[in-house]
Amino acid sequence: MELLYGPIRDYAWGSRSAIAELQGRPVPSDGPEAELWLGAHPGAPATVDRDGDRVSLVDLLVAEPDRWLGERIVGRFGARLPFLLKVLAADAPLSLQAHPDPEQARAGYDADAGRPAGERNYVDPYHKPELLVALSPMEALCGFRDPAVSAEALAGFGVPALAPVVAALRDGTAGLREAVRTLLTWPAAQRAGLVEAVLAAEVAGPDAQLARWLAAAYPADPGVLVALLLNHVRLAPGEAIWMPAGNLHAYLGGTGVEIMAASDNVLRGGLTPKRVDVDELLRVLRFEVLDDPVVRPQPVSSGVVTWPVPVEDFALHRVTVEASGPEVRLALPGPRVVLCRSGKLSVDDGVGAVALDPGRAAVGTAAGGALVVGGEGEAYVASCGLR
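Each residue of the sequence shown is one higher than the one before, counting from 1018 in our numbering.
Since the hints were made in silico from the structure, they are not lab data.
We put the CB at the ideal spot given by N, CA and C, even for glycine.
It cannot be assumed that every hint is accurate.
Think about it this way: if two alpha-carbon atoms lie no more than 16 Å apart in a straight line, the pair counts; the simulated EDC-like pairs of lysine to aspartate or glutamate are [stated by the list, open to error]: (1) Lys1291 - Asp1083; (2) Lys1361 - Glu1339; (3) Lys1361 - Glu1393; (4) Lys1291 - Glu1275; (5) Lys1291 - Asp1308; (6) Lys1361 - Glu1329; (7) Lys1361 - Asp1374.
Computed Cβ-Cβ distance ranges for the label pairs, DEER-style [as the list claims (entries may be wrong)]: (8) Leu1216 - Ala1130: 19 to 25 Å; (9) Gly1222 - Gly1189: 38 to 44 Å; (10) Ala1234 - Gly1173: 40 to 46 Å; (11) Ser1319 - Glu1120: 37 to 43 Å; (12) Gln1040 - Asp1188: 48 to 54 Å; (13) Gly1222 - Pro1142: 27 to 33 Å; (14) Arg1093 - Glu1219: 54 to 60 Å; (15) Ala1221 - Ser1319: 27 to 33 Å; (16) Glu1305 - Asp1068: 49 to 55 Å; (17) Val1368 - Asp1188: 31 to 37 Å; (18) Ala1029 - Asp1066: 29 to 35 Å; (19) Val1368 - Arg1123: 51 to 57 Å.
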């Protein structure tokens, strides 16, 4: 194992306290800090020390893929780290978005070849399923709820213009696509008026509160109403949400550990000033009800839990070590990334050992053995999901 240094992305919706507090830096930070990236994604690769310099993890993987990744992972995913670990800290809502499945990503990337960067939907040929584990109480929108519930919510605002959307929703899942399409293609000149009419309705309850909150930032965005078709999820620390391909979702606020397939393909549907391609979004969305978006931790062994997901790209484990207890041993395939969340920990993979304070991370190659975590505290361990 060796220390890993991750870049911080300064997106406008980021917190000025959460990541700084985690790393023991002064609060507030100089600007928003939205995501800490711990991986080898080309957009913002982490680095390690080499002879007094910091070297990109991407360069190390390319130079020695078999040592870093192992023959099995190279054969399955190529000479690249298939996962990306992040700390996400949101002080404002993120965009409504979805991600493609592997076939859609490959086809979309090929179709975008030669187009200007600003007109591309796909920046790489990979899918991007995600798992987010809450570190603090978090709010998110995740997956479509029962269309009948959404129909009653929209009808309750008493806005005549929404009648076609309400009628589509009353057709059940068969009408979800039409309801989303109608809202996202609402005439641009009429969008602000539609949102204003909803906000002017004398309606109480969580749907009205959510609409007012989102409209405060995006007063002319039909995504304010699309949000009311989704599950509004409130996560307690330790609970997670799983976002497979085609799942429409948005993080609304809070701090969590996120692990995903190493891709940056995002198809946005609203609540953003960025590019929205409605046709492409509708092509990848899965118009099905997600009854329970919450994933709860499952015990693996003493001091170790995981959140099972049906992909091979990644797995995430939380390790808790007690001061008076034994070290925790964790056998995982391929390279591992370890993030210390609290306490003072030692991490040894038989090749090298490092000491970690909160907010610091380490990486080890596939050549290492089982991880042995000692000391006292909590860590999140990212690995490939191959068994």
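Now for the hints, and whether the structure bears them out:
1. Between lysine 1291 and aspartate 1083, the direct Cα distance comes to roughly 39 Å. Violation of the 16 Å bound is thereby established for this hinted pair.
2. Distance check on the hinted pair: lysine 1361 and glutamate 1339 sit about 11 Å apart at the alpha-carbon level, within 16 Å; holds.
3. Pair hint lysine 1361 plus glutamate 1393 holds up; C-alpha atoms about 6 Å apart against a cutoff of 16 Å.
4. Between the alpha carbons of lysine 1291 and glutamate 1275 the distance comes to roughly 22 Å, so the proposed pair goes past 16 Å and is violated.
5. Under the criterion of a C-alpha separation no larger than 16 Å, the hint pairing lysine 1291 with aspartate 1308 is inconsistent with the structure, at around 30 Å.
6. As the CA atoms of lysine 1361 and glutamate 1329 are separated by approximately 31 Å, the hinted pair breaks the 16 Å bound.
7. Of the supplied pair hints, the one linking lysine 1361 and aspartate 1374 holds, its CA atoms being roughly 5 Å apart against a limit of 16 Å.
8. Between leucine 1216 and alanine 1130 the beta carbons are some 43 Å apart, a value that contradicts the proposed interval 19 to 25 Å.
9. Separated by about 23 Å at the C-beta atoms, glycine 1222 and glycine 1189 break the suggested range of 38 to 44 Å.
10. Taking the beta carbon of each, alanine 1234 and glycine 1173 are about 23 Å apart, not inside 40 to 46 Å as hinted.
11. For serine 1319 and glutamate 1120, the Cβ-Cβ distance of about 41 Å falls inside the hinted range of 37 to 43 Å, so the restraint holds.
12. Checked against the hint of 48 to 54 Å, the C-beta distance between glutamine 1040 and aspartate 1188 comes to roughly 50 Å, which is consistent with it.
13. Between glycine 1222 and proline 1142 the CB atoms are about 43 Å apart, so this pair departs from the stated range of 27 to 33 Å.
14. In this structure, arginine 1093 and glutamate 1219 meet the distance hint of 54 to 60 Å, their C-beta atoms being roughly 57 Å apart.
15. For alanine 1221 and serine 1319, the hinted distance range of 27 to 33 Å is not satisfied, since their beta carbons lie about 48 Å from each other.
16. The hinted range of 49 to 55 Å is satisfied by glutamate 1305 and aspartate 1068, whose Cβ atoms lie roughly 53 Å apart.
17. Range check, valine 1368 to aspartate 1188: about 59 Å between beta-carbon atoms, so the 31 to 37 Å window is missed.
18. At roughly 32 Å, the beta-carbon separation of alanine 1029 and aspartate 1066 lies within the given 29 to 35 Å, and the hint holds.
19. Take valine 1368 and arginine 1123: their Cβ atoms lie about 35 Å apart, and the range 51 to 57 Å is violated.
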